[in-house]
Amino acid sequence: MRFGVVRFPGTCDEIDALRACAAVGDAELLWHGDADLKGVDAVVVPGGFSYGDYLRVGALARFSPVMGEVIKFAEAGGPVLGICNGFQILCEAGLLPGALLPNLSMRFVCREVELVVGTDRAAFTRGIDVGTHLTIPAKHKCGRYYVPDDQLAELHANDQVLFRYAAGHNPNGSIDDIAGVCNVAGNVAGLMPHPEHAVDALLGSVDGLRLFAAATERAVAA
Amino acid sequence: MAETQALPQFPDVAAGAVPEGTPPGVENAVALGLTREEYALVAEKMEREPTQVELAMFSLMWSEHCSYKHSKKLLGTLPTKGPDLVLGPGENAGAVQAANGWIAAFKVESHNHPSAVEPFQGAATGVGGILRDIFALGARPVAVMDALRFGEPEDSERSRFLLDGAVSGIGHYGNLIGVPNIGGDVYFEGPYETNCLVNAMAIGLVRKETLTLSAAEGVGNVVVLFGASTGRDGIGGASVLASAELGEDDASKRPTVQVGDPFEEKKVMECSLELLERGLIVSLQDLGAAGLTSSASEMASKGEVGLDLDVSLVPLREAGLEPFEVMVSESQERMLCVVEPHMVDEVLAVTEKWEVYGAPIGLVTDSRRFRVFDEGTLVGDMPVPALVDDCPLYDLHPEKPSESLYPAPPKRLADDATPGVVLRTLLGSPNLADRTPLFQQYDQIVQSRTVRRPGEAGAAVLAIPEADASLAPADIAAGALGAAPGAAGQEPGADGPRPAIAASIDGSGRRVAADPYNGTIWNVLECAANLATVGARPLGLTNNLNFGNPEKPAIAWQLTEAIRGLGDACRAMDTPVVGGNVSLYNEGTTGPIYPTPVVGMVGELPDATKTAPLGFARAGDRIAIVGRSRPQLEVSELAKLRGLPIPDGLPAWDIAEARTTIEAVRDAVRRGDLSSATDVAEGGIATAIAESAIAGGIGAQIDAGDGTSDAATEAAWHLLFGEAPGLFVVSGSAEALARLEEHTGVDVIGIVGGDRVQIHVAGVAIDEPVDGLGAVWRGGLAPFFP
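Respectively, the protein sequence lines represent chains A and B.
According to the working numbering, the first sequence is numbered sequentially starting from 15.
According to the working numbering, the second sequence is numbered sequentially starting from 3.
These aren't lab readings, by the way, just hints derived from the structure by calculation.
Ideal placement from N, C-alpha and C gives every residue a C-beta, glycine not left out.
One thing to keep in mind: the hints can contain errors.
[Stated by the list, open to error] One side only, chain A facing chain B, incomplete, derived with CB under 10 angstroms:
id	residue
1	D27
2	A34
3	A49
4	G53
5	D67
6	F77
7	F87
8	N172
9	V213
10	G218
[Said to hold, decoys possible] Not close to chain A: a few residues of chain B, all C-beta gaps over 10 angstroms, as computed:
id	residue
11	E51
12	V188
13	E266
14	G430
15	Q449
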């Protein structure tokens with residue numbers, strides 16, 4: 015299993031994501047200016063502030079050469095995970111429904127949050143029981159998930175709610191406590207918290223590793 | 003690869019040729035901050051009056067900010083040698099040897115006056131500036147910390163505005179560039195009301211092979227400016243803003259504050275590190291205060307060479323900048339490097355990859371002169387030593403003031419408040435309350451090294467990479483990271499020791515105001531104590547000396563005594579000063595700030611898995627006071643809340659005794675003996691116990707003495723709420739504490755358990771629920787970040 019981790023100017027968490035991927039498979043960086051996924055088996059669009067997040071979070075990155083290829087890869091059923099800024103970019107690219115708005119507090123917030131797995135049919139939650147609690151840090155200023163009410167009903171009907179914040183853990187005012195969603199097919203997933211920052215017990219938690227392991231279909235003991 | 007770039011060409015100007023332009027004269031020099039005597043000296047060195055470009059450059063290089071003319075003699079007394087030292091003062095940052103062959107580069111720098119005028123951009127560019135100092139050495143910045151001082155937020159809307167702006171600015175810059183903020187300290191005291199302090203410290207990691215110095219070398223080599231374009235922002239920042247007192251009309255100084263762009267800096271940082279990792283450049287220097295003038299002349303000075311620059315080759319943000327403006331602009335996110343001619347194309351290909359400007363603007367010469375051209379016309383020609391080294395140094399005229407410079411703080415606590423009320427008031431006071439509302443605005447974890455996040459322990463702890471790891475993304479991408487051996491979730495070597503560095507930044511101004519010598523010693527000891535609580539040994543120290551106007555005898559006395567204390571403490575602790583920063587003229591409309599020597603320390607610990615947390619961990623553990631210093635109420639946080647004036651003088655601390663205690667605690671932590679460890683700081687032992695209970699979510703029962711006399715009660719107040727260096731509150735098994743007692747004073751005073759903090763010492767009794775104390779503590783700062 016070979017992961018590609020996209021690197022834009024302004025990406026901050028690409029090395030962290032690379033290390034997380036490397037713990038369960040092989041991993042390499044994909045450059046934003048190259049319309050080339052180098053034949054990887056899965057793509058991670060990591061966190062940070064692509065192109066400074068000027069204009070609107072994720073709005074510029076969505077038009078980069080590499081994202082053209084990521085969109086094709088996703089539409090062909092390839093597994094794609096967007097984390098934080100990556101989630102914002104996948105929403106901007108239309109690969110995932112909804113949008114990420116500024117936190118209700120209007121402030122950046124960095125803290126450990128508890129997530130509840132909403133579906134196990136996505137490429138990155140396969141094998142993790144629905145209802146499982148994962149402790150993973152969140153850090154963002156624009157992470158308030160929003161979809162209109164009719165689309166929210168659709169999300170639930172299509173089993174697209176990937177993660178919800180556990181009671182009392184919603185750090186940003188996301189609608190229905192939604193922390194992450196997947197597309198209808200389940201191959202494209204995005205979440206605001208950072209699983210790549212929960213892969214080493216010394217640094218706080220190893221729960222995030224299960225998402226990367228799920229993509230390799232290699233079960234990890236709970 | 004880019005097309006071959008034309009290298010800069012310079013006309014053959016005869017030595018001694020007089021540059022274009024009429025000299026602006028002495029009145030202009032005075033307006034730019036030079037004295038008449040200094041102007042005369044410039045003219046003498048130049049053998050003629052300086053042109054506009056030359057005068058602008060001299061006024062900056064001879065400013066306090068760049069020349070340290072009032073502090074250099076004193077700084078020379080500080081100890082700067084040690085077995086772990088790699089790079090001492092004089093380079094962009096200092097550096098010490100850490101574990102696994104990694105070198106830790108670090109430095110603290112102030113951005114006080116810009117932050118007092120425009121807090122968001124002032125603080126943001128403070129972070130940007132200190133990060134450039136780190137990556138200029140070839141080190142990847144791995145952490146930022148900061149020391150912040152404001153007026154009292156309860157009373158002052160201005161202080162709340164400055165606090166919110168500075169915290170937002172620090173977060174904005176650090177978060178966006180992807181460097182974790184791992185904590186720091188923040189204090190609120192009246193004397194910082196109009197002149198807040200924003201000191202930012204950065205730490206980087208580098209291998210010896212990549213460590214790069216700033217000296218320009220190689221006659222004929224090309225000087226390349228890269229990064230952002232140059233505009234009119236920050237003109238005169240070092241001289242007009244940083245080297246004079248603040249006054250009523252400071253809004254007019256806003257244009258002297260630079261505007262930062264962290265996205266640009268992120269690109270400049272990756273570009274710089276790639277240039278160094280690939281060995282494409284000879285030397286590198288950031289552009290900070292005094293812009294191109296300072297960075298270019300210091301590179302020339304260190305390399306003992308000359309430079310020819312042409313300002314018309316500098317990429318501009320707006321048309322029509324005068325040559326002097328190009329030379330003094332403090333536009334952010336710019337770097338200057340020296341490149342061998344045949345490498346220029348490759349260097350420019352890298353700047354192009356990172357989408358930053360890259361422009362060859364000059365050549366290294368053997369003339370020892372700094373010559374400035376504008377489209378080939380000579381507009382400035384100065385001897386490098388005159389510019390960099392010949393600024394006159396001034397002797398201070400220290401004199402201890404006959405009475406305190408500072409009014410008593412406002413009274414916030416009645417004299418007859420019960421011990422329980424006192425403890426709650428202390429815990430909720432801005433100087434002691436939970437810093438989470440502030441720290442959570444910073445990314446604490448990016449780069450995946452943060453073992454202890456802000457507030458989790460007495461010092462921040464960062465894991466050090468494996469000996470053979472590379473921090474270069476190119477290497478990692480090239481397959482240095484294969485599938486990790488062993489079970490998923492384990493870093494290689496996860497079962498073995500995990501070496502780490504620890505860092506702390508501290509510096510109470512009130513103690514130093516009471517006694518500059520003993521107060522500064524206390525600050526150094528407190529920083530070392532912070533490191534000890536996580537098991538770390540100090541490797542080196544950086545300092546930021548924030549003081550008022552040194553031309554006033556009382557301030558000169560504070561500065562002289564503080565530096566004497568700093569030197570004595572560092573020698574006694576065998577910890578070298580690796581560099582630092584001096585910020586003078588910190589005076590607002592209400593007088594000088596508290597003298598504030600901020601101390602930043604970096605230490606090493608062999609195994610981060612043994613790091614003790616701050617909070618009590620296990621019911622039944624014994625609680626002990628460790629150390630033999632006598633707690634003092636006179637300069638304590640309690641005295642402040644009672645509205646008492648600052649005392650004149652502090653006890654002379656027994657530094658050797660404090661060191662013994664600090665090292666004993668450090669070794670106990672390293673053995674894994676202690677369940678919790680915290681040093682006794684503001685609020686004293688009672689506060690340390692309460693904070694350990696809150697952090698651990700478990701209570702404590704303390705019983706230490708039964709006396710009922712007034713003297714016994716007075717002694718109990720001193721014990722519980724007094725403050726002194728070299729004191730700790732720890733918890734652990736009886737056996738562990740007995741082992742600790744073999745090395746230092748250990749006084750077992752109670753036991754961990756229950757859900758209340760119950761303290762009984764002579765006539766002083768406290769009985770409060772942990773939850774209630776926690777609520778007060780957590781609520782102290784939150785209202786200031788609505």
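Would you assess whether B:Q449, listed as outside the interface, keeps its beta-carbon beyond 10 angstroms of every beta-carbon in chain A? B:Q449 is in fact no farther than 10 angstroms from some Cβ atom of chain A, at 7 angstroms.
Hey, is B:E266 genuinely clear of chain A, shortest beta carbon separation above 10 angstroms? 8 angstroms, violated
Checking hints one by one. Is A:F77 an interface residue toward chain B, by the C-beta closer than 10 angstroms rule? 15 angstroms, violated
A closest beta-carbon separation below 10 angstroms is what the hint needs, so does A:D67 meet it against chain B? 8 angstroms, holds
Hint A:G53 vs chain B: min CB-CB distance below 10 angstroms? Since chain B brings no Cβ nearer than about 14 angstroms to A:G53, farther than 10 angstroms, the hint is violated.
Can the hint on A:A34 be confirmed by a CB-to-CB distance to chain B that is less than 10 angstroms? Holds. Min distance 9 angstroms.
Should the hint that A:A49 touches chain B count as held when the rule is a Cβ pair under 10 angstroms? 16 angstroms, violated
Beyond 10 angstroms from every chain A Cβ: check whether that's true for B:E51. For B:E51, whose nearest Cβ neighbour in chain A is about 45 angstroms away, the distance exceeds 10 angstroms, so it holds.
B:G430 non-interfacial with respect to chain A [C-beta, more than 10 angstroms]: 21 angstroms, holds
So is B:V188 really clear of chain A, every C-beta pair being over 10 angstroms apart? 16 angstroms, holds
Under the criterion of a CB-CB separation shorter than 10 angstroms, is A:V213 in contact with chain B as hinted? 7 angstroms, holds
Hint A:D27 vs chain B: min CB-CB distance below 10 angstroms? Holds. Min distance 6 angstroms.
Checked against the numbered hints given earlier, this structure breaks hints 3, 4, 6, 7, 8, 13, 15; the rest are met.
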